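In numbering that gives the first Met the number 0, the protein residues as written are 0 to 309.
Keep in mind that the hints were calculated from the coordinates and are not lab data. Keep in mind the model is a prediction, meaning the values are calculated, not measured. Do not rely on the hints blindly, as some may be mistaken.
[Unchecked claim] Calculated cross-link-like contacts (lysine-lysine; reagent style DSS-like; alpha-carbon spacing at most 25 Å):
#1 K181 - K47
#2 K42 - K5
#3 K298 - K181
#4 K42 - K181
#5 K263 - K298
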Amino acid sequence: MMDICKDTAKIALSQASVLISGESGTGKELIARAIHYNSRRAKGPFIKVNCAALPESLLESELFGHEKGAFTGAQTLRQGLFERANEGTLLLDEIGEMPLVLQAKLLRILQEREFERIGGHQTIKVDIRIIGATNRDLQAMVKEGTFREDLFYRLNVIHLILPPLRDRREDISLLANHFLQKFSSENQRDIIDIDPMAMSLLTAWSWPGNIRELSNVIERAVVMNSGPIIFSEDLPPQIRQPVCNAGEVKTAPVGERNLKEEIKRVEKRIIMEVLEQQEGNRTRTALMLGISRRALMYKLQEYGIDPADV
Numbered sequence: 000m001m002d003i004c005k006d007t008a009k010i011a012l013s014q015a016s017v018l019i020s021g022e023s024g025t026g027k028e029l030i031a032r033a034i035h036y037n038s039r040r041a042k043g044p045f046i047k048v049n050c051a052a053l054p055e056s057l058l059e060s061e062l063f064g065h066e067k068g069a070f071t072g073a074q075t076l077r078q079g080l081f082e083r084a085n086e087g088t089l090l091l092d093e094i095g096e097m098p099l100v101l102q103a104k105l106l107r108i109l110q111e112r113e114f115e116r117i118g119g120h121q122t123i124k125v126d127i128r129i130i131g132a133t134n135r136d137l138q139a140m141v142k143e144g145t146f147r148e149d150l151f152y153r154l155n156v157i158h159l160i161l162p163p164l165r166d167r168r169e170d171i172s173l174l175a176n177h178f179l180q181k182f183s184s185e186n187q188r189d190i191i192d193i194d195p196m197a198m199s200l201l202t203a204w205s206w207p208g209n210i211r212e213l214s215n216v217i218e219r220a221v222v223m224n225s226g227p228i229i230f231s232e233d234l235p236p237q238i239r240q241p242v243c244n245a246g247e248v249k250t251a252p253v254g255e256r257n258l259k260e261e262i263k264r265v266e267k268r269i270i271m272e273v274l275e276q277q278e279g280n281r282t283r284t285a286l287m288l289g290i291s292r293r294a295l296m297y298k299l300q301e302y303g304i305d306p307a308d309v
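Can you build the whole structure from these sequences, using the hints too?
Have a look at this one:
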């Protein structure tokens, strides 16, 4: 992830077109926004359009705009997204779904920075950066004839490939804590930490929905939680279930209530052992446990542990 962040910072300083590839939910829009807001275009607009969400005729009108009377229902002149994104950045999400006829018109904008509205004759100049995002293999689509080769190479000046979250587990803790702060602030909740066992479960999960799924899990935990710490029982059932060596999820052999009690019993014992090793020093104990001092104080109170008695 650090390499991607470094690359993003370098890319932001350039004016090159960018293609971002990755599975759904890997953070392609986040990277595109980071490029925009760290570039000289930061004060200009950042506009996103999903090329898969609109039929060809509507997508063309959305992108290029139209003149009054250009077609039935065009009662007024309408600027398209290319005009509205002038001096800013336009993110073409799911660009692999763009029809071939529109790909040709997009190629002209990338080459000449100019176009005409639908039904218009006036050539309009624009200063925009175009970022394409896709979860498709565009090179394979080029071979199939469903994506223009010349457009691919125009977009592919800089190609960022975002790995799925399951292949960068070292980022899960950082992202989980980022979302914890974000959603705690948005929902005016005072949730300060994620329990180590809960974090272990988050790290072990395969995250088929990638960063978007992790964001949803943390948001749900923040909204539904009534205490200052997110525990394993605050996570969805599929994440709480133990995973066997084959990667298959199996139901715990004991009831959920007994499992929670067992988890708390083990956690209490570990805290007491580390406290004893650190001679009752709470700061060092929290550091050894990988939690904040405030989270440790909450657990000491929850379990009725007095460091002076350890």
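Verification of the hints:
For the given pair, K181 sits about 22 Å from K47 by alpha-carbon distance, which is consistent with the 25 Å threshold. At roughly 22 Å between alpha-carbon atoms, K42 and K5 fall within 25 Å of each other, so this suggested pair holds. A distance of roughly 23 Å separates the Cα atoms of K298 and K181; the hinted pair therefore holds under the 25 Å criterion. Only pairs whose Cα atoms come within 25 Å are accepted, and K42 paired with K181 is accepted, the gap being roughly 23 Å.
For a cut-off of 25 Å, the pair hint linking K263 to K298 stands: about 10 Å separates their Cα positions.
Of the numbered hints stated above, none is contradicted by the structure.
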